[in-house]
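J.: Residue numbers (my numbering), protein chains in the order written: chain A, 87 to 440; chain B, 110 to 629.
Worth double-checking, as some hints may not be accurate.
What the hints assert, rightly or not - Here are the simulated DMTMM-like pairs of lysine to aspartate or glutamate, each with C-alpha atoms no more than 25 Å apart in a straight line:
#1 B/303 to B/317
#2 A/110 to B/512
#3 B/181 to B/141
#4 A/257 to A/200
#5 A/110 to B/508
#6 B/535 to B/564
Simulated from the structure, these hints should not be mistaken for lab results.
Here are the chains, one letter per residue:
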Amino acid sequence: MTDIPARAALSSASSGSALLTLMKLRTFIALIAVLVFFSIAAPNFLSAANLILMAKHVALNAFLAMGMTFVIITGGIDLSVGSIVGLCGMVAGYLVLNGIDLQIGYTIYFNVVEIALITLLVGILIGAVNGLLITRLNVAPFIATLGVLYVARGMALLSSDGRTFPNLIGKPELGTTGFGFLGAGRLAGLPVSIWMLIVVALGATYLARYTPLGRHIFAVGGNERAARISGVRVNMVKMFVYMFSGFCAAIVGLIISSELMASHPATGESFELNAIAAAVLGGTSMSGGRGTIGGTIVGAFVIGILSDGLVMMGVSSFWQMVIKGLVIIVAVVVDQAQRRLQQRVTLMQMAKAG
Amino acid sequence: MNMSAGHEIILKLEDVSKVYAGTVAVKQANFEVRKGAVNVLVGENGAGKSTLMKIIAGVEQPTAGRILLDGKEVSFSSSGDAVNRGIGMVFQELNLFGNMTVAENIFATREITNRFRKIDRKEQERRASEFIDRLEAGIRPDMLIEDLRIGQQQLVEIAKAVSLDARILIMDEPTSALSAAEVEILFKVIADLKARGVAIVYISHRLEELIRIGDYITVLRDGRITGQEDVKNVDTQWIVRQMIGSDAKDFAKADGHVPGEEIFRAEDICLPRATGGLAVDHVSLSLRAGEILGIYGLMGAGRSELFDCIMGRHGHASGKIFIEGIHIRERDTTRRIRRGLALIPEDRQREGLVSILSVASNLTLASLSRFVTLFHIRGSAERKAVAQMVRELAIKVADPAQEVSSLSGGNQQKVVIGKALLTGPKVLLMDEPSRGIDVGAKADVFRTMRKLSRDGLGILFATSDLDEVMALSDRIAVMSNGKLTGMFDRAEASEAAIVAASALGHGPAHLAPAHGKQNR
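Next comes chain B alone, as it looks inside the complex:
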């Protein structure tokens, strides 16, 4: 552990352990946070990263060990304590009030008031826009959180943490919902904070990202710290080795099978936006059996909305879809699923899972009719299908009767995929299938995609991860501002061309047109 002493240590954990009623989440961790640097923390899901961060942020109290802030021992009894001492945190799960505006969220619990204790909305919005504008995401401070997309919400969360003026800022997977362009903006913000001497603790699953912006890296495995290094001395292989104990391949290799006949076609899909204009703008595409078509695009490009239209989730969408050449006239989700479409939604918690039901009930939720005679669910048939899916997708679960919320993110994602597969789909729509899951589970998901395409399914998958779309797709479609702006065969696709296509139509006029002045 030969850390260069280039940066001053601001926070130090000494032999910190956290025991949850009989299990040890963190074991004698020694962790140093350095000023004016990005301190990266990495590890698979369940390795104890979040617990460690919650200890620093005062959300959890350590069972044993000491926390030294500026060399003095401290103990935080609540997150408020930590905030008062200049520690801010961007949580992985969004902690925003959907029914309030962006400005109200940023200043929640520290509202700016005038002399009469009345909230000064104008001033709040002005101050909020200082932080928001830096993120260049086209968010206005008077927008309601629930009207924003997840990626934009994440940016608000970041703006909120930045506005705290923290000395130590913890970011738990801040980029998991961001597109390449927004990641760049976030990195600029981070560089800015670094220059101001803020210590940043950064957690992410995207290893290239860590190498790019990290200064110091700490790897956790099973609650133990297995490696600590200067980032300039390490590479991705090293990180992966420390994380899972051996080298791992990121993407399943293509097997060279040739796609078959056209299995799916969308013609002229349009979806009006509530605020005017089109969220999906005359999109047509076609997909062959056994083909993986990646749809790349920035946040708000209309990928998720396109999937929603295809699934029949918007009654006011127009356009035609065909499966195996047959025009699908059914407009509701239920019957479209029956015709062979299945969607794996982007937001697992809100749209993918019924978290209080069991793993088994979630798996069969979309395909119950397969196990029914007359109106009776045949328990044995259902159990058999569940057991088979658990095996095929390598879902780590002791008992399928367990609540699905007890699984790790990666396994939950596998349950969502299993649910879609049990409907016997011909066309699978996957919206950000690898979002927020660890390296091992990602590899499993990608392997599954390969296998399904070999079995003749057509797969449409949306992603904002350039590596992913390049590595997995047979063809790459690019969307921007609701339009299809590019279609490449893998052989001729270049990252530069894809990125260029994804930026079409994203002029400055697109950013916050109603917000008269962009004072920057």
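With the rest of the complex left out, here is chain A:
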């Protein structure tokens, strides 16, 4: 290649990649934009108390969205997370109030740590059911998790006949007190749920970047056949992502019932849609193979801050829905534009490499 076109290619490539960088950071820019906007438009928005409150709201969606991100990266979808939130909340509430009746005159009461672990296990098991339906019985993820959505919700309602488990304070003599810690407790000034979010997010990021399992998740989503031929255990990878999604949903179930000190069987309805929205806003591709935990969390913050900020400004909840929908659509449109630009830049790089 002669000197002049080479230089021309170089300069247009660099302007292209500047735009590309800008587009890649779009969710982050959106986050800053909503922060700036509401700190001007809504009084008290930037107060520490409000920020922490918002972060707690966001954390709930962020947990679900992280699990959803891995599922979507493998090319699947998990519609059952909202129901798992509800069912796991009921499991926790039931265990605090009633323990397990062994039918021989004894009832086992668990302490709060044990209850939390059992609840998480229930979430993971429901995820495993999703995974088995998808990998063993070849049910499409949309259908399998839709079915589990109904089953889990129904079971949550059955567990209390549709009633709420109130006053999960527990009894000191049974060792079931302290359930409120997850929802209301603080460590070093930050709510426990935020700490948990940080831990799970760091763990998930590490998993995605530095472990074979993480690499395999992307490979399965990018090209399942090629992954299989390369020796990736595709079914195990899929099992894992649905179990992880169930795990994340169980955490949310625990936190919500702990915050309210009550479990309501309808908790978590339509949470799955918010989780999908956050993942998509964060750059996860619905066709699989692309997405990051960091992006998803930023996406969850954009959605969360948007709705909380609009509430503070007194915008009607009907308008909130319209705005949220528009934001998601714009995000995907920009995402597509970025793909095209990316391809162009790649082409130019190819041309430069000769």
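Using the hints, position chain B against chain A.
T.: Same frame as chain A, now just chain B:
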């Protein structure tokens, strides 16, 4: 440029350039397409052939220059424009709908309907079978595309283009997935079209093929036209010189090392076909360390299926495999890879690569466990292995973090090979390793095969290219209709014997048994 004026010029490109955002894919090309002749276009990957063809087919618009059709300047704003003016194209990447039947694909966007605008399926299938039957590939018009093998799909693509009744028909590597027998049939079809005055633009990497059927040849290098001649005045050496600027050897020479002990044995491999019968029919073979065993066969002979069975991709396959005399009982791909088997699949895009991941991630995908302590991927170890593989296989990539889809076909193939090699295999299965890659990359691949066999690997490679199997193999196995029909030492192998063995069991009864009448 002393072209004989035996054929009328139907299409002419004058000083056509195509610039993609700062790079020049085609530079001031002058290209003439003649009626009733095969106009061959040849060049290495990335030389600009496909771009030039896309300009003619209206898929891309030229940045500069003129297109003259029948002496009048034209401009195509879409491929539909070009089709309306009688220009058809067989694309290199298959543009078929897998979920539709052969007939539906052939008549896509110009469905035959009855009075009530309802699609006339019977009529479509009847008309489709006129085109399909000419290709003698045993395809029925009511078959689903996704149930066909790649080679058969390519034939459907060709039938589709032929059915357009085009005056100019562009074929971009139509033979890359075809066996020798199908190539012959295709050539018959081409001769037929020529006789009807159709101008054919033919792109291929197989040089002998070009010499055989071409009338005029144009060579492209780096977007420039470097040679234009009557085919009768040129030979392969001339083409190669124009393409890469010097003479090149096609095949790496054997180095005369002697194969060692048996490293791999397959016994009685059977694979039932979904439609009944056996796709792989009691195949047994043995391979020695350092030996290259070529498996020659026509399309549908069961070569790829045999490899799939060996890799454990079919749960319902039967038979035993042994590595270094040890019976491999593991039935899944993951553990078979761990035992020393590796497959380089035929279809790079669908089975070889995860195209949205980086070159590095693709290379190490099958061997990640090598770079892991506990559950952590050691980045430095991985990078080192990647850098070494890039160097050893001469993969042209600026940065291994680049997406693998940004590489040329030949380099992508090297990535697939590198991925297999990083698993530290004892036995390498290569399915059509040179399919759709340019001369330079082919030579690299063949050199690599030689080197690996010298290092003591056993290599099984399947091909439908007779020259390739003759030049590279220590022994040649021939498959036909799922059965192993011949096994030759290189010394005693003759092309005639191999071709004869590859046609065993391919009676007319094999062709479309369910399609009652073969009206021809």
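J.: Decide, hint by hint, whether the structure agrees.
T.: Against the structure, the hints:
no. : hint           : in the structure
1   : B/303 to B/317 : holds (19 Å)
2   : A/110 to B/512 : holds (16 Å)
3   : B/181 to B/141 : holds (14 Å)
4   : A/257 to A/200 : holds (15 Å)
5   : A/110 to B/508 : holds (20 Å)
6   : B/535 to B/564 : holds (10 Å)
Checked against the numbered hints above, the structure breaks none of them.
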